[in-house]
Amino acid sequence: MLILTCPCCGVTADETELAGGGEAHVRRAGPGASESEVEDYLFMRENPRGPHFERWRHAYGCGKWFLAARDTATLEVFGTYPAQTTEPPEHIRAAITERHPGWRWRDFS
Amino acid sequence: MSARLPTGGRLLDRSQPLDFTFDGKRLHGYAGDTLASALLGQGQMLLGRSFKYHQPRGLVASGAEEPNALVGLGEGAFFEPNQRATAAELHAGLTATSQNHWPSLEHDVGAVNSALTRFLPAGFYYKTFLWPRSFWKHVYEPFIRQSAGLGKPPQEADGSTYEHFHVHVDLVIVGGGISGLAAALTAGREGREVLLIEQTAHWGGRAVVDAPQIDGQSAEDWVKSALQELETMANVRMRTRTMASGLYDHGYLMAYERVSDHAPATPGPRHRLWRIRAEETRLATGALERPLSFAGNDVPGVMLASAVRDYLVNWAISPGDRTVVVTNNDDAYRTALALYRAGLAVPVIVDARPQVTGALPQAARDAGIRVEPGRAIVKVDGKKRVTGVEIGLQLGEGGAMEHIACDAVAMSGGWSPAVHLWSHCGGKLTWDEAQALFRPDASRPPRGDKGQPIASVTGTANGHLGTAAALADAGLELDVSEPAEEPMAPVWIMPQGAGPALKRKMFLDYQNDVKVSDVELAAREGYESVEHAKRYTTLGMATDQGKLSNINGLAVLSGALNAAIPATGTTTFRPPYTPISMGSIAGAARGPLFQPVRRTPIHGWHEANGATWEPVGQWRRPYAYLKGAEDRHTAVTREVQAVRNSVGLLDASTLGKIVVKGPDAGRFLDMIYTGRPSSIAVGKCRYGLICNENGFLVDDGVVARLAEDTWLCHTTTGGAEHIHAHMEDWLQCEWWDWQVYTANVTEEWAQVAVAGPKARAVLESLGGMDVSKAALPFMTWAEGELGGLPARVFRISFSGELSYEIAVPADRGMELWEALLQAGAAHGVTPYGTEAMHVLRAEKGFIMIGEETDGTIIPQDLNLGWAIAKKKEDYLGKRAQERPHMADPKRWKLVGLEADGGAVLPEGAYIMAPGENANGQRHTQGRVTSTYYSPTFGRGIAMALLIHGPDRMGEMVEVTDGQGGAITARVCDPVLYDREGERLDG
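Chains as they are written, first to last, in full-length UniProt numbering: chain A, 1 to 109; chain L, 1 to 986.
Please keep in mind that the hints were generated in silico from the structure rather than gathered at the bench.
Backbone N, C-alpha and C fix where the C-beta goes; we use that ideal spot for every residue, glycine too.
Careful, some of the hints might be misleading.
To be verified - Footprint (simulated), chain L over chain A, 3 or more residues, beta carbon under 8 Å:
id	segment
1	45-55
2	73-82
3	86-95
What the hints assert, rightly or not - Simulated pairs of lysine-lysine, BS3-like, Cα-Cα distance not exceeding 27 Å:
id	chain 1	residue 1	chain 2	residue 2
4	L	LYS152	L	LYS383
5	L	LYS871	L	LYS684
6	L	LYS878	L	LYS661
7	L	LYS684	L	LYS872
8	A	LYS64	L	LYS661
9	L	LYS450	A	LYS64
Based on the provided sequences and hints, a complete structural model is requested.
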């Protein structure tokens, strides 16, 4: 059972207190977007073995969404950060680089 | 024959004899016995039949790893199948039954399977039962069903109770042997908060049986003094009968405490599940002895050498008068010596090693026991009991050189550390060539959230088989006196050159009847990966999960593939370590506590007035109110007619109510809804649809504008929480700069729908608010005092009748309900339930989320285009609804159906199309989404989705009748009642 710290209320919570919300940093493709942009937005997801960015909600706590960077193979958590960001913050990227020099995830590295 | 010796037995209390039954036979044991030791004490060696061949099987082990002695324990509501006799402590009145045989344990018809072993090899399911096809139903399946399965499931609901513990400690130590005790002493002295758990009822593990001298005292005394010291430490908690079942992600450890299995009359829970979060988990789980693979190693009477020693020392059990010891290591000599000291005969020690020079063998020789190095057991004689063994050369092909009469065999193939917990969560193993065992690789531990190791291993589990080394590993450097051991020699097949006839009788997995020949066959047939070979042969897939068989099976596979053992690798260890009860997993969450029932303020009245319930989410809503001898159908008809002809009351409190407020609330709702709630005037209401980003309709309801910056969004009963969450998701994660606040106020209000031509009259007699058509027209709302209650009155309708929904603060809900009943009495006011509500809305052609929608339906399919603001630039789902498949004119669309003769169509029925598909099934062109008997029209009515539906009015279609036939129906307008909306508007 994973443990994640909610950056909003500061509580370190068991997975049973949280609800997963899929991939983070998905950019919305609304009206005017091409068919392939819509396809990417709705259906195409990363499936890495290694660092990954996810959406989580502190569902049975403060109710807030947050984002987490996590290694899908070792389950190491590189950090959690507010949902109100469009890209992973520098300190999270640095934490990943420490373990996985040269990592890439979509457009982030 | 096994028997109880007149003296000895360190765990026995002979002053407390206990009676128990096995297969109805009355037997006797003592306090301190396990069921296994008590049965052996009474000469009962045959305890079960194997899974596939129904071979007679007896005890092999003395602990958690026992594969054979599975029994049913208890009776009635307290019956539990597949319990290991070795883990069941004896208590007065214990009732045990053997399993997997018919008609009796002694005479089992299924044993004919064992005569067929040559025809039931690994993978026989895939090979034997393919043809002819018709044989499946009448021959193969009944045969497999008869043979399969171990214990029978209980016939009554579980009569015991269970609970969970949530525990946080600095250090949890798994295993109460000397390593675990030493680790607890070390950490306890440092002041750390420690939890020490042991799966059996006793501390000390193997050391108290093997009896080295520790720190100048006997192991028994050392354990006693360690326990005394630990008991004085307030920071150390200790639990016996508590088995760590699994180590999970981020160091979450689960343990299973058998609180009262040994004393069933004790009040309180039977089992307790410990959910442990520890800074550190130390595994002192010891090691399991491996069997040797020789022909007939499954005959009752063949046991692990350590088990023979345990039964003898702990419970004064003689396994037989003459016990042959067979080994590849020095440790088994302890068993020979223990038997000798107990006055029992050891005719020979068969040692596969060519030279045997250690201190323990020397002690055996000094005692006059014959030691035969370089020898193997070629074959065990006997069927239901060992009668003798044939001895030959280990390096030979199985030629017997000597027959030795005996009635028990003690075997030892070396030891395997119990690395299960280490491996559960990703800890890696390393192959220790010298000791021929896998041990934890400390450089590749299971890791936690910060990348830190979450477990460490100590003592024997870490590959330190000697007492001194094990204690040192746990942090205590103590003087230990025990005989030095010479290296073991790996022996995977005995004798090494054995041919197929012998290999077919060498069992690896006792419970699933997997033999050396099966694993070799799997390798020959290309199942080279250990995971494939496991599944093909079912090696290690029984309830013991291969505790005895895995390493031997792996070694045989490696041998067959001519690969090194570490290159072949191990299968994945999975929790639980030993089976745990389903009850303990559920804990207290059973029956009414499984899920909370949500009750409206009027729930009690419904209950007292004949409500028959319909679960909707966690709510219970009245389906209908049964009066007198009414059945559901009659009640629904009466309720529908009351609403159509006079007035009805519906408890609508469960409908979701979400307040959306703020400077950007209008803009936000325009994105959430397909329509334009921002354009609703204060005081007005409008029906709205909510889609997800895939374009699919997920919820609907009436939106009321409460104030310039405030809207009240009604959702479906089941949708309140997830629509609120959906709104929050978009607010927090996409439009976080918008100033909007949402609150789910569903439970703050009681809401009652007053529907029917007399609705206005009822409200007027309550008084206090002007509810006239002029003051409160359709789709408006007003706030005021109604009959003395602070109320919001919404002029909205889900029935097609003149209708008001009145919301009052939840704590006034019951007052409102009773006031309405009283005020409506003159008009015969009738409370109605959800089914009448469904019928009323279907007569009116209103859609219902979850009936007309199923997560693949867009509003356009339901002819709800009018509720979409087409000129709006954007809303959630808009772009997806433009995708080619969504805009396809061939999508099934909403229509009504009238069946021939007024029949009620079956729910979910398909509308058939000409022709058949590749599977010989009729093509379909639509399906029924809602279907009811309509009291208003006196016939069945239905709503359906049909290709080109709206263009096919009046056409006749064929609908499946659920019995292979068809019902003819006419396509019609789904709106049947009051098409002009005069009643609604009235």
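A quick look at each hint next to the structure:
1. 45-55: violated (count 1)
2. 73-82: Holds: 4 residues of the segment 73-82 of chain A have a Cβ under 8 Å from chain L.
3. 86-95: Per the Cβ count (0), the hint is violated.
4. L:LYS152 <-> L:LYS383: Distance of about 26 Å is within 27 Å: holds.
5. L:LYS871 <-> L:LYS684: Roughly 22 Å between the alpha carbons, so the hint for LYS871 (chain L) and LYS684 (chain L) holds.
6. L:LYS878 <-> L:LYS661: Within the cut-off at roughly 24 Å; holds.
7. L:LYS684 <-> L:LYS872: Holds: LYS684 (chain L) and LYS872 (chain L) sit about 21 Å apart, inside 27 Å.
8. A:LYS64 <-> L:LYS661: Holds, at roughly 18 Å.
9. L:LYS450 <-> A:LYS64: Distance of about 23 Å is within 27 Å: holds.
Going through the hint list in order, the structure does not satisfy hints 1 and 3.
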